[in-house]
Amino acid sequence: MSSDARSIRASYPLGFHKPDKSVFRTPKGISREVVEAISYYKNEPEWMRRFRLQALMMFEQKMMPTWGADLSGINFDDIYYYVSPADRKFRTWDEVPEEIKDTYEKIGIPEAERAYLAGVGAQYDSEVVYHSLKRQWEEQGVIFVDTDTAVQKYPDLVREYFGTVIPISDNKFAALNSAVWSGGSFVYVPKGVHVEIPLQAYFRINAANMGQFERTLIIADEGSYVHYVEGCTAPIYTTDSLHAAVVEIVVKKGARVRYTTMQNWSSNVYNLVTKRMLIEEDGFGEWIDGNLGSKVTMKYPSVILNGRGAKGEILSLAFAGKGQHQDAGGKAIHLAPDTTSTITSKSVSLQGGRSSYRGMVKIINGAKGSKSFVRCDALLLDEISRSDTYPTNIVNEQDVTLGHEASVSKVGEQQLFYLMSRGLSEAQATSLIVNGFIEPIVKELPLEYAAELNQLINLSMEGAIG
Amino acid sequence: MSQQIVVKRDEERFIPLLWTGKETELGYEIVLAEPGASVTFRGLLIGRSDQNLALDIKVRHEAPNTTSDVVVKAALSDMAKTDITCLTTVVPGAKGANAWLAAHILLLSNKAKGLAIPSLEILENDIKAGHATTVGQPSELELFYMMSRGLSREVAKQLLVQGFLEDIISTFPPALARRAAKELAL
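Protein sequences appear in the order of chains A and B. Mapped onto this note's numbering, the consecutive letters of the first sequence carry residue numbers 13 to 478. Mapped onto this note's numbering, the consecutive letters of the second sequence carry residue numbers 1214 to 1399.
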């Protein structure tokens, strides 16, 4: 291992990795054969095979984005597109291999939470190996399985919605995901059902040079409610890794979906994710999106407000450290009258990191009475870091209210001085101020995430001063 | 047409713009090249019929203690359209820079369209930077109040537009302010 890699490993507390024990994997690179092999191995119906092949064609035609972060480090020929860690799926926690449990142990999933894990989809490498649904949800008719299983067990439901919110032609990385996707969660909540306990999925990528292409589809039928929580933490590799996920969510009339992500990829991962929600009449969709790790993140969770009275909210948090570029933000498209969107973005740049807010609000003609408010705040902790704001506001309707505000600042000398006069060290005082700055988003997170985030920020702050 | 403006040491530059859409595109590249340079930009865009007003403003803070204050307001009627793109850049070392950027668009007709992209690129931390955008229409409540006092809807609307633009017009030199008033009275 080079000394570079060693120093990364030393600086990244979760940077361990397990020896690779995969059962089936395609050769490096992407081709028609690879895509066919994935589909064949998964024993997929013909329509999915065709969907993948069509997506592959689209992927080959699409250009790399010419805006945003630098993606020149991605070599599509040097990536394994499919790796399966085990041949069978486990129904109960006891049956999960020791090695995988051990991985969770190190991430620090608390003992008390293990009870919840009965309903958790745990993703290890590209495959969901563990999936079990709590009995109460089964009784309510809630479907929570990995997307591969859903294709086999609920083909009609999957086929009806798959690729409808994010078509394969949307962008190069959505096309790539559509061609080689594997794993991810499929959630269906029937009419009027409220899922009280958040559905959680833990993701983990483990084989060096292996990309992860999970595909999540959530359908909340009329009047239902679900909170989906996804957390990611990845071990360190010595070469670059690609994560290109697609998340599609359908929020039907009067339904509410909240999707929380806390991503802490190790600092060599390209994280290029397409996330979108289609919200119908009186529906309410929320994205809570935290981006801490990775080398490059390009992620703009979107809400498409497609019915009268639909509401969308996006809370975005970006934390750009050494060598990182967080290009995050949100999009709100108002297609119907009386729709409301709120985007709140908070970003922190330190140690030469760069964070960019890139967002769009579009209100079409006829979306009368629409309201949109966008607020983005950035904090720059040192002289070598960078912060950008690129908001696009397009309004084609007169009867609207749109507001956008942004500010960029540093940690106030006065605040620091005050805290230090009370006996805190400069690092402690700074992390306290940073934690206060991101508080509006942290308070929306599940408790364990909030605690973890707090810890991570304190960790990042060490060595940030002086 | 793009104008390049370089502001020197301790110079305070004021740039007023009254644009009624005779040109289709206007661009400003403002460079705050030396310490203490400051620029105040006040733009007034009045769009009618099918005019398309594309305004592009770039401000670069290249020296310490430089200040930029850019405010653009647009009032659009009929099928008028505006594209306001602004980019404020603060380069490393431009300590004590203070950048403010605001774009406010008032839509007076349902066929009018507004697009605003106020971007910031900040590469220095010892600065203050902010921007704001609003898009909206004259408030029904305020219109109703004035109409209840005997004004016609048209006159009430015109008064509201004048009020909206007043803080820009009041900074204009007298000749330009008179021209602006004349434009609005039409």
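Note that these hints are calculated values from the structure, not bench results. Note that the structure is a prediction, hence the values are computed from the model and not measured. Be aware that one or more of the hints could be misleading.
[Stated by the list, open to error] Label-pair restraints from in silico Cβ distances:
1. A/435 / B/1305: 51 to 59 Å
2. A/88 / B/1238: 20 to 28 Å
3. B/1305 / A/426: 34 to 42 Å
4. B/1236 / A/437: 26 to 34 Å
5. A/334 / B/1262: 50 to 58 Å
6. B/1391 / A/79: 40 to 48 Å
7. A/364 / B/1360: 52 to 60 Å
8. B/1238 / A/202: 48 to 56 Å
[Said to hold, decoys possible] Result set (DSS-like, lysine-lysine): computed pairs, CA atoms no more than 27 Å apart in a straight line:
9. B/1308 / A/374
10. B/1341 / A/334
11. A/323 / B/1324
12. A/422 / B/1370
13. A/380 / B/1370
14. A/383 / B/1324
For each residue, glycine too, the CB sits at the ideal point set by N, CA and C.
Each hint, compared with the structure:
Here the CB-CB span from residue 435 of chain A to residue 1305 of chain B is close to 34 Å, at odds with the stated 51 to 59 Å. About 39 Å separates the C-beta atoms of residue 88 of chain A and residue 1238 of chain B, a value inconsistent with the hinted range of 20 to 28 Å. Evaluation of the 34 to 42 Å hint for residue 1305 of chain B and residue 426 of chain A yields a failure: the beta carbon distance comes to about 24 Å. The hinted window of 26 to 34 Å between residue 1236 of chain B and residue 437 of chain A is violated, with their beta carbons roughly 58 Å apart.
Under the hint 50 to 58 Å, the C-beta atoms of residue 334 of chain A and residue 1262 of chain B, about 54 Å apart, fit the expected range. For the hinted restraint 40 to 48 Å between residue 1391 of chain B and residue 79 of chain A, the CB-CB distance of approximately 43 Å keeps it satisfied. Checked against the hint of 52 to 60 Å, the C-beta distance between residue 364 of chain A and residue 1360 of chain B comes to roughly 58 Å, which is consistent with it. Taking the beta carbon of each, residue 1238 of chain B and residue 202 of chain A are about 55 Å apart, inside 48 to 56 Å as hinted.
Between residue 1308 of chain B and residue 374 of chain A the alpha-carbon distance is near 35 Å, which puts this suggested pair outside the 27 Å criterion. Simply put, residue 1341 of chain B and residue 334 of chain A have alpha-carbon atoms about 23 Å apart, close enough for the 27 Å limit, and the pair holds. For the suggested pair residue 323 of chain A and residue 1324 of chain B, the alpha carbons sit about 25 Å apart, so the restraint of at most 27 Å is met. Distance restraint check for residue 422 of chain A and residue 1370 of chain B: the Cα-Cα separation of roughly 42 Å exceeds the 27 Å cut-off, and the hinted pair is therefore not satisfied.
As the CA atoms of residue 380 of chain A and residue 1370 of chain B are separated by approximately 19 Å, the hinted pair is consistent with the 27 Å bound. A hinted pair counts as satisfied when its Cα atoms are at most 27 Å apart, and residue 383 of chain A with residue 1324 of chain B qualifies at roughly 18 Å.
Violation of the numbered hints given earlier is confined to hints 1, 2, 3, 4, 9, 12; the remaining hints are satisfied by the structure.
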